[in-house]
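Asks: So the chains spell out like this:
There are 6 protein chains.
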Amino acid sequence: MKSVLTLGEVMLRLSPPNHQRFAQATSLDLEFGGSEANVGAALANWGIQVRHVTAFPDNDLGHAAAAHLRKNGIDDALIQFSRGRMGLYFLEHGAASRGSRIIYDRAGSSFSRFDGAGIDWKEVLKNTDWVHWSGISPAISQEAADLVYRILQAANALNIPVSGDLNYRSNLWNYGKQAHEIMPDLMGMTQVIIAGTRDFNQCLNRDFKTIDEAKSFTFDTLPKLQMIVRTERQIHSASHNDLAAHLYTKDQEQSTETISVQPIIDRVGTGDAFAGGLIYSLLMNKSPKQSLDFALACSVYKHSIPGDVLIASIEEIEEVLRGNSGAIKR
Amino acid sequence: MKSVLTLGEVMLRLSPPNHQRFAQATSLDLEFGGSEANVGAALANWGIQVRHVTAFPDNDLGHAAAAHLRKNGIDDALIQFSRGRMGLYFLEHGAASRGSRIIYDRAGSSFSRFDGAGIDWKEVLKNTDWVHWSGISPAISQEAADLVYRILQAANALNIPVSGDLNYRSNLWNYGKQAHEIMPDLMGMTQVIIAGTRDFNQCLNRDFKTIDEAKSFTFDTLPKLQMIVRTERQIHSASHNDLAAHLYTKDQEQSTETISVQPIIDRVGTGDAFAGGLIYSLLMNKSPKQSLDFALACSVYKHSIPGDVLIASIEEIEEVLRGNSGAIKR
Amino acid sequence: MKSVLTLGEVMLRLSPPNHQRFAQATSLDLEFGGSEANVGAALANWGIQVRHVTAFPDNDLGHAAAAHLRKNGIDDALIQFSRGRMGLYFLEHGAASRGSRIIYDRAGSSFSRFDGAGIDWKEVLKNTDWVHWSGISPAISQEAADLVYRILQAANALNIPVSGDLNYRSNLWNYGKQAHEIMPDLMGMTQVIIAGTRDFNQCLNRDFKTIDEAKSFTFDTLPKLQMIVRTERQIHSASHNDLAAHLYTKDQEQSTETISVQPIIDRVGTGDAFAGGLIYSLLMNKSPKQSLDFALACSVYKHSIPGDVLIASIEEIEEVLRGNSGAIKR
Amino acid sequence: MKSVLTLGEVMLRLSPPNHQRFAQATSLDLEFGGSEANVGAALANWGIQVRHVTAFPDNDLGHAAAAHLRKNGIDDALIQFSRGRMGLYFLEHGAASRGSRIIYDRAGSSFSRFDGAGIDWKEVLKNTDWVHWSGISPAISQEAADLVYRILQAANALNIPVSGDLNYRSNLWNYGKQAHEIMPDLMGMTQVIIAGTRDFNQCLNRDFKTIDEAKSFTFDTLPKLQMIVRTERQIHSASHNDLAAHLYTKDQEQSTETISVQPIIDRVGTGDAFAGGLIYSLLMNKSPKQSLDFALACSVYKHSIPGDVLIASIEEIEEVLRGNSGAIKR
Amino acid sequence: MKSVLTLGEVMLRLSPPNHQRFAQATSLDLEFGGSEANVGAALANWGIQVRHVTAFPDNDLGHAAAAHLRKNGIDDALIQFSRGRMGLYFLEHGAASRGSRIIYDRAGSSFSRFDGAGIDWKEVLKNTDWVHWSGISPAISQEAADLVYRILQAANALNIPVSGDLNYRSNLWNYGKQAHEIMPDLMGMTQVIIAGTRDFNQCLNRDFKTIDEAKSFTFDTLPKLQMIVRTERQIHSASHNDLAAHLYTKDQEQSTETISVQPIIDRVGTGDAFAGGLIYSLLMNKSPKQSLDFALACSVYKHSIPGDVLIASIEEIEEVLRGNSGAIKR
Amino acid sequence: MKSVLTLGEVMLRLSPPNHQRFAQATSLDLEFGGSEANVGAALANWGIQVRHVTAFPDNDLGHAAAAHLRKNGIDDALIQFSRGRMGLYFLEHGAASRGSRIIYDRAGSSFSRFDGAGIDWKEVLKNTDWVHWSGISPAISQEAADLVYRILQAANALNIPVSGDLNYRSNLWNYGKQAHEIMPDLMGMTQVIIAGTRDFNQCLNRDFKTIDEAKSFTFDTLPKLQMIVRTERQIHSASHNDLAAHLYTKDQEQSTETISVQPIIDRVGTGDAFAGGLIYSLLMNKSPKQSLDFALACSVYKHSIPGDVLIASIEEIEEVLRGNSGAIKR
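Protein chains in written order, with full-length UniProt numbering: chain Y, 1 to 330; chain G, 1 to 330; chain B, 1 to 330; chain U, 1 to 330; chain D, 1 to 330; chain R, 1 to 330.
Just to be clear, a hint being listed does not mean it is correct.
A pair counts as met if it fits within one copy or between any two copies, since identical chains are not told apart.
Below, a list of computed lysine to aspartate or glutamate pairs in the EDC-like style, where the Cα atoms sit at most 20 Å apart [stated by the list, open to error]:
#1 122 x 316
#2 329 x 232
#3 2 x 76
#4 122 x 76
#5 2 x 257
#6 286 x 123
#7 329 x 60
#8 329 x 242
Everything labelled a hint here was simulated from the structure, so no lab data went into it.
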């Protein structure tokens, strides 16, 4: 059984039911989610041993978040219970012409105060086959950036492959550093980067006009980099998107067909489902093209599932790949 | 801050959840709504000072209805608590080939017994910038027709612009009068009329074949009339409609592009959202074309919101106008 | 008033709300359903006198199931309360690329142990105008197969028309018999068969390549057969299907136009709605083409209704036939 | 099997869930109920054949009400679908120091317009073993009073025993008649009267100080009267009541012990459960004391059940009588 | 009409439904509440004109909070929309032996950053008849303490009576000041203090053994003080409490009888209901004893209502005072 | 950290919400539970390492059940996914005079077919500090009885203490064996037996009149037995019970005080909470009296929590022991 380590914040997610606007809600659906743990949950679902590194407050909310991870098959041994508060986000589901809205309320979270110092990460990472991080963590706080740095260093020392989803978000990075001051080092320790042109520009402080420019530059300057992957989304409405994906190695490029998704039950976590599918396929030694197709099918399928997490069997994803999804299975 | 006065019945709305038919329901979602108050709520949301004239029974249901108006930012100072019952309507949400169904149960409502006599409406209307009524009120009872008449007279005396949504409904007008016996006088006191050819035919007892015929006649016979506006809806299914709108002044005609809406979360109140958007734009001195586009975007956006009321910021409507709605806003 | 007798298992249906996967559910929506009783419920809704033959355990669940039938207008006089358990099925509603899933849990049900021996079925069937069965019953157990046999024999003896929906399901037929050992006798007592090529192949142990082959063979070998009807479904996604239907007499063939359904609220019971519409039209002496169109409209309309049962008035179906469904009815 | 006919209005009942006040509700639980039909439902549950005479509007709400009666085992053959509206009542559940509140909204209901003229009630009542009415019907309208009169006349002609629950409510009797103008005739045709001193005073326009005075007078002046029954309720709070009951024949008096009920899940319909239990016992030829005890146990048990209707088996009531209720039954 | 000004934080309240523990919740009921605004809401319900001073973030949550205040009849003109986040609290409802639990998450809230500088509070307070504050505000932040100080100074300057609920909570006061450094000045500007011995000890840094000691000291040292009021609660379980109240003027003492409350639907806000009832009675010039009884009845009644706010009419409170609460009101 | 192994069936539990009867339910709350796993969950909550031995079907329901165990902190490594179905039970919550009802539907479950053969249980039990079983398992099937036998044998071989909750249920034991044919051997391998006189009589085929008789006999005939523990429950109503507990060693007897519980939120699992508390205390080397008191407090506390499982911290239980439960904790 393969073993993956993921790291990042897990937030309590609160969303009005039945397409209500925030102003209408008298109850909020409660979920937990966070980009990297979402990736871990998808992997755990497929029999991968997944450990997630995060920190929660030592109260009922923090322990409920840990229970969520366990329920999804994730090992909770690396969770810290510490000072700070539970990070939250409020999600309003859109429909048709109304886009979904997210209000983050994560300042001062336990995770943001956890820098990973004093832990022997090489010991922790023994027998680990893959490490996954995202650009959200270093954007939250210096401590979280340090945590990622420490873990990636240990992974590199042990020659464990690393994937990173750059996931640049302009409304983060509020602690005094800019992305390009922090991200290049982390990207330099990463074999598989999930990112589009805009992510590269922000994280490297460049002005690439095309993904090809970004690709040339990064493969030239990041010697450990082996693969860039990106998804492409055309938004017809909040309920109807088209999806495709592209994969670049130094010499080659692969693309999927475009898949149309309608209706969209829950848009959140569809990028994480993509990353989960990609990592799984690469761990299973699938070809780049097979991995890319599988990853996109995971993302497509996630759009039909409420919550942050892709809950799906390999067989269900393979049905999407065969194109005969949508029939009743009795 | 601009000040608008709206008048009309507000009903308690009861609808089965989760696309259930009436026969299946074991609970009903509770909302409040009424055409003119829906217009007022949209305007209040945008910072307009809105007062609504209506009457409720002096019981817990009536007071809950008043609280609904306050919650939506509407001033409740002009609400009467009086004899009569709370008007109700039962709404079954359709989907795909199944149209929505409404069962009205409003006979004997407090509003239907409120004629506005004994109130100094000119005093009430001081400092008011706009008055909005609809053809539903005069269709309910002689008292309600008198109420509209009294208020429009005062508005005309004070040179306050008046808009009216003719909204002809054949299953109203049960109190012994026909639309054409009542409506022409009210239309004659109105600057902006929202109506289609059928509305004009019913309200004027004519047989116009085209909106152009109706337009010529009305501009000729109603000297105060400055603008006719109408929406056009093509119904592919209960979940998929196309919308467009047209605006006519004596000399000019403006039209929007057609916008497709799919899925439809709640069809009710989309005409009121249109009226709200139109009045807002006109109050803000936008051009007829800008106003029409804004009004249609409001109507389109309302289709995505459960309940009777457009809850939206100006920025959200402007995103629809820019065509990039549907993306997640973080 | 026409009188119809239907027979078959009715199960308690449990499904996660709000598009949840089974793993996410903390409550399950409770319904009752079964192919033949669904047909009966549609007919009862239209004023047909319907009696349903089934068996339930003599506990609160069994009595709740009987209450469900009564609520839907079905006479409960022929229900047995006996040993065995309540048959269940778990239904996960799909969306977009995710197909719906059904987990049956019906082994050992009261119905599966009910063979109908010792009942004077000719006495029961007096004054009955139609009998409807489906291929699910004989697939459950020898006792259930015997029950169908006994009732069809009595119907044939009284010259009561019989319809049968072959409904072949490979995951049934677990009691030691194969479909082709049981079904031909039952089909031989049936005037109207609802089935596609695959159903005929499985039930007759043949390898027809086309429906025409199947049709020639069956009209030749089943002397009582008067009509074969089948539906055709093109699955774009779990939320979007296209439907058409075909009707074959020995000499003629009728087809409907194709109707697109989007979104699909509940796919289960849409075949039963079709059968219900067909039987109703034939009882009303409509032409084959009229009956086929009405049956397809029933099936289309059912896709918009949660639960197993078509709840619709004749007027509502006729609106679908007229093509102007989807508008609000006030 | 015994056959009972009940008559009276059935209303749609709407109540806020989870102890909310009306002002807080965003959904309302939907039930159906009416004093006499509640009695019928309890009886049907015990295998009595029950037919209920009432009228509903011919719309989806009226048909849903009929389905409610069928679900509860009541024969719907005597239901009229006619003009008028669906009677409603809004129920706010109290707790502790806060009493429950009911807002009736039943004016103009279909039942209030149904006078039963033109129906051969002697034909209808053939083979009926008992007729039950309540004082609510004659309080609603002259038509409803006439309906009761016609049916009681027929019952008397056929020597069918009649029970009546006087149920005096001061906020009814709004149609111009007072109780004492109508009720004495109806009471004169009734064998079993359920009433307390206040009911007798209002219905007979007297000023009895004690039930003994009322008893003497009524047995003297109403020659058909055989039994007076009354319940006694001590209200500690909305969640805690004590109950007892008394039965008087011309010569004898029986009393139950006092039973304490805490908590109260639903207070509505507990008097109807009492009446149902009484009629059942009398039909089963139980002694007055046995009947009174059984009736009180039914009332006690109903306090634990949400909705208007006593849903209970004979065994469950007998456990209350044996005093060992409250244990888990596995 | 009397006019009251209240000031304090309003939080979004999130609580698991149906007695769930936090670990079990998949949705949270959403309410808004805050001690002083709860007082204001009770008063507004009784026709008092109430303005509330607070600050919310300028996002959908903040605007929903303002809508909550408006819905409850509170004037929103003095609400600031500013930087900071929405204060939250998570409430787990207990039962029987399990006490309710509250997790506050209010650090960094908009209210905590609002010091009231730059506002002409004497202008704001013109025509105000009463000002109410609580000890929660000065415990949150220096800014909030300053806000209270500024408003009380203005009230004193205008001779407006002030009430303060000391409400000492040890888990607040985290900003570097202790209660006794801040509270004495604020208490010195207050006419009516609601507090028990422990509150006085903490706020004055004393060690009173009895309320009499505390009373003597405070009346001696706080020249503006006219009245001390305290409630007394005996907790039998989370579902069963006994309540009494005491009122002290310099020379006199009044006490209520003890009232038992069972079951408790929602314990939160019962102290605020008491304060609301007290202020109302004093504004209506009731005697101290009448005021105290009314206040306690308000508190008792609030225990039966979900949410933070007392929603009750004067008549309903008076029924509690008359001791005949708990009966159904039709 | 101590390590405990529990074994037994885990069922899907389905119960109508809001005190509905089965006949009223339109949804069912979904939980998972089983006596021994409930014990394990309580222990895991307190930091004990718990592994549970059971079997589930290899479908979505079985995997959801495993997720439930993980969520509650139980190690899922010893769960078998195999043929058979998911065991179910339907639970109707009672109130006041209406007892709760359970309908089991567990025949043919995966657990009932799992005999534990072929597993090296001594290997499995290495480093285990306690084993807990109940009399439900051997009552289900010969295979389940064999499974318990195999595990207890291994535990005895390794000198691991064993506790067993006899839990005699007459409606089980349907597979041809009687309790006294199977139980004595299992009791003979058990150090701590939880049982009352009736359990001993059924399991040993005796007719003890008192617990003292049973105690003498069992300590004489079961040489490994060290402790008998029993709870005593007085049922005032389904909402109000009194609880006490007694502990017997060969020479001594300990008793708790009686604790009254009102209201009861969920009665199911309260015996399992007792067993969990007992095992925890014994593992922590508490005295018999301390252990008994702690166990009873756990049971009392569980009555306030919905679902099968005691979710409580040690601190919360200790507050019950200190008698000051019921206050709000902020």
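Asks: So which hints don't hold here, by number, going up?
Replies: Hint check: 1, 5, 6 fail, others pass.
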